[in-house]
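Add chain F to chain V, keeping to what the hints say.
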Amino acid sequence: MRTRPNRLGKYVVIVTVLTILVAACADGAETTTTAGETTTTEATTSTTGLAACTAENLNLVTPGTLTIATGETAFPPWVGTPDEFFDEPESKTGFEAALAYEIAAYLGFSDDQVVWERTGFDEAIIAGPKDWDFNMQQYSITEVRDQVVDFSVPYYVTTQSLIVLEGSPYAEASTVEDLKGAKLGAAIGTTSVDFIENIIQPESAPNVYDENFDVVSAMNAGQIDGLVVDLPTAYFMTAVQLEGAVIAGRFEAAAAEPDEYGLLFAEGNPLVDCVNEAINALTADGTIDDLIAEWLEQGGELTTITG
Amino acid sequence: MTERSSVDRLGRGPGLFGPRRRSVVREEGARGALIAFVSTVIFLGFVLWVILTSDAWPAVQRQFFNWTHFQAAWPSVLSGFWLDIRMFMLAEVLILAIALIVAMIRALRGPAFFPLRLLAVTFIDLIRGVPIILLILLLGFGVPALQLPGVPRSELLWGLTALVISYSAYTAEVYRAGIESVRESQRMSARSLGLTQVQTLRYVLVPQAIRNVIPALLNGFVSLQKDVALVFVLGVREGVREAQIYNAHTFNYTGYIAATILFLLVSVPLARFTDWYTDRDRRRKQVVGG
Numbered sequence: 025m026r027t028r029p030n031r032l033g034k035y036v037v038i039v040t041v042l043t044i045l046v047a048a049c050a051d052g053a054e055t056t057t058t059a060g061e062t063t064t065t066e067a068t069t070s071t072t073g074l075a076a077c078t079a080e081n082l083n084l085v086t087p088g089t090l091t092i093a094t095g096e097t098a099f100p101p102w103v104g105t106p107d108e109f110f111d112e113p114e115s116k117t118g119f120e121a122a123l124a125y126e127i128a129a130y131l132g133f134s135d136d137q138v139v140w141e142r143t144g145f146d147e148a149i150i151a152g153p154k155d156w157d158f159n160m161q162q163y164s165i166t167e168v169r170d171q172v173v174d175f176s177v178p179y180y181v182t183t184q185s186l187i188v189l190e191g192s193p194y195a196e197a198s199t200v201e202d203l204k205g206a207k208l209g210a211a212i213g214t215t216s217v218d219f220i221e222n223i224i225q226p227e228s229a230p231n232v233y234d235e236n237f238d239v240v241s242a243m244n245a246g247q248i249d250g251l252v253v254d255l256p257t258a259y260f261m262t263a264v265q266l267e268g269a270v271i272a273g274r275f276e277a278a279a280a281e282p283d284e285y286g287l288l289f290a291e292g293n294p295l296v297d298c299v300n301e302a303i304n305a306l307t308a309d310g311t312i313d314d315l316i317a318e319w320l321e322q323g324g325e326l327t328t329i330t331g
Numbered sequence: 008m009t010e011r012s013s014v015d016r017l018g019r020g021p022g023l024f025g026p027r028r029r030s031v032v033r034e035e036g037a038r039g040a041l042i043a044f045v046s047t048v049i050f051l052g053f054v055l056w057v058i059l060t061s062d063a064w065p066a067v068q069r070q071f072f073n074w075t076h077f078q079a080a081w082p083s084v085l086s087g088f089w090l091d092i093r094m095f096m097l098a099e100v101l102i103l104a105i106a107l108i109v110a111m112i113r114a115l116r117g118p119a120f121f122p123l124r125l126l127a128v129t130f131i132d133l134i135r136g137v138p139i140i141l142l143i144l145l146l147g148f149g150v151p152a153l154q155l156p157g158v159p160r161s162e163l164l165w166g167l168t169a170l171v172i173s174y175s176a177y178t179a180e181v182y183r184a185g186i187e188s189v190r191e192s193q194r195m196s197a198r199s200l201g202l203t204q205v206q207t208l209r210y211v212l213v214p215q216a217i218r219n220v221i222p223a224l225l226n227g228f229v230s231l232q233k234d235v236a237l238v239f240v241l242g243v244r245e246g247v248r249e250a251q252i253y254n255a256h257t258f259n260y261t262g263y264i265a266a267t268i269l270f271l272l273v274s275v276p277l278a279r280f281t282d283w284y285t286d287r288d289r290r291r292k293q294v295v296g297g
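Here the protein sequences come in this chain order: V and F.
Read in order, the letters of the first sequence correspond to residues 25 to 331 in my numbering.
Read in order, the letters of the second sequence correspond to residues 8 to 297 in my numbering.
Treat the hints loosely; a few may be bogus.
Partial pick of chain V residues on the chain F-facing surface, computed with a CB cut under 8 Å [claimed, not checked]: (1) Thr143; (2) Gly144; (3) Asp146; (4) Ile165; (5) Val217; (6) Asp234; (7) Ser241; (8) Ala245; (9) Gly246; (10) Gln247; (11) Ile271.
Pairs of lysine to any residue, SDA-like flavour, derived with a Cα cap of 25 Å [said to hold, decoys possible]: (12) V/Lys204 with F/Leu164; (13) V/Lys204 with F/Ser161; (14) V/Lys154 with F/Lys233; (15) F/Lys233 with V/Glu235; (16) V/Lys154 with F/Arg69; (17) V/Lys207 with F/Val240; (18) V/Lys207 with F/Thr168.
Hints in this document: simulated from the structure, not taken from any laboratory.
Computed from a predicted model, the values in this text were never measured in an experiment.
Just so you know, even glycine gets a beta-carbon here, dropped at the ideal spot from N, CA and C.
This is chain V alone, in the form it adopts within the complex:
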């Protein structure tokens, strides 16, 4: 019994020492940031005129760095290019990567202050703190999701499209009715799954895969008649991943709920306000439209599938 108070005493000592250490570290950090603040606030006020949203004032995972998460493999046309810069967000190629650097620049970060993290689509949604500032991998903004995480204002609105193999009986589909008998597939977590179930409503439930490239495998294996995916990804798939496949058409916008992509933040992260400001500014000055034209749109007429 006598050892106990001693042990307790030891803990008290350890805890006290730790507290002092932590406090000391915190003090050190504070002084450095205040010093930095005064210098950069001046610099950014002149460029953006918004003192609150500057790199040094933001709520960041790593102070001084904008940590952005994207997919575990990030595909063109969103990130990188099909060949030279495949899966390389640092290359600033691909729509989302390019946009990320525009947002970072607006908030006063230089290119080398942007750090990329990788996460799965699902794992970004677990409750609790995140080790990135925001996650960017074509998250559709939905009400249910919004209850658990926070979204930025939309940076892109997409429509769904149908890919089939050349010569498929569904290649000529012009209304949703034509697709009732089709076995369709889509990747989990995409609004394409909901789109199939709620709008197309085929007789057999769609197969649901881990990733878009698994849907492609199933298509190659002849296990599904067609796959539903957002239009920009459809361009990439038919150009690179799927031999002999064509975009049968894009679904009429009225049929789909507007599918808006937003950046994903941890619930309650105040950073979202500043990023919204950046997106709004980049939309207003046409930067985002330019990026869309550069990365997401391709020439050629597409059938519109109505219904």
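The following block gives chain F in isolation, referenced to the frame of chain V:
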């Protein structure tokens, strides 16, 4: 009986799970049970207290243990799980049969059977060396992509085939261990009675072998019962995939909890049964041995 209890008092019982341990439990029964109860209550109480008072708990509860979401996810998860159960039962029957054939081939002796034995050993080595998920992807996406005429393309069929092949390799080794555990004299007596090799296996070795390995086989059942879910990588909408779809749709994990409960409802009784059976079997053997 008197002899056995005297051994107990000297503390030299036949083993950890033998009569000595049982008598100790009997003597200290009431006190032991009380201590066990109190310590369990304190331990669980502490764990619950830590969890329930943590800052993250309200968020965890909302995300993982949400009754509204549970009800919403339940029907689709349940119907997916029913597919799991059907796959499990069909696969298990096939596995038990195929594995037994492979094990019997491997147990054949004599140079004439060498090619067959080689085939069996190669099959077991290769299949056991490949991660099951890889086998599912290879057969499920790979084989149908060849588009060979007459070869079915169903993802469900190929996913099940991969499971059956993989588990057959493991189960064959379980059978083999059983066959080898039968005393050599059994084989020799059978042969000297004029039974052929195959007859010896069929009527003498395998019946004894199976009895010896039933616990191990049951253990394989428990494992397979969960692994059937892996076919979801092929897009099959079984229980886990349905839970994932619900999660992806709502960002809520309660569907996973629903699936977890369903799997536990099957695997825990199966595991308890395995233990009970193993125990009973050991006791029987002890009676025969003593």
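Inset, instruction - Output the numbers, in ascending order, of every earlier hint that fails for this structure. - result: 1, 2, 4, 11, 14
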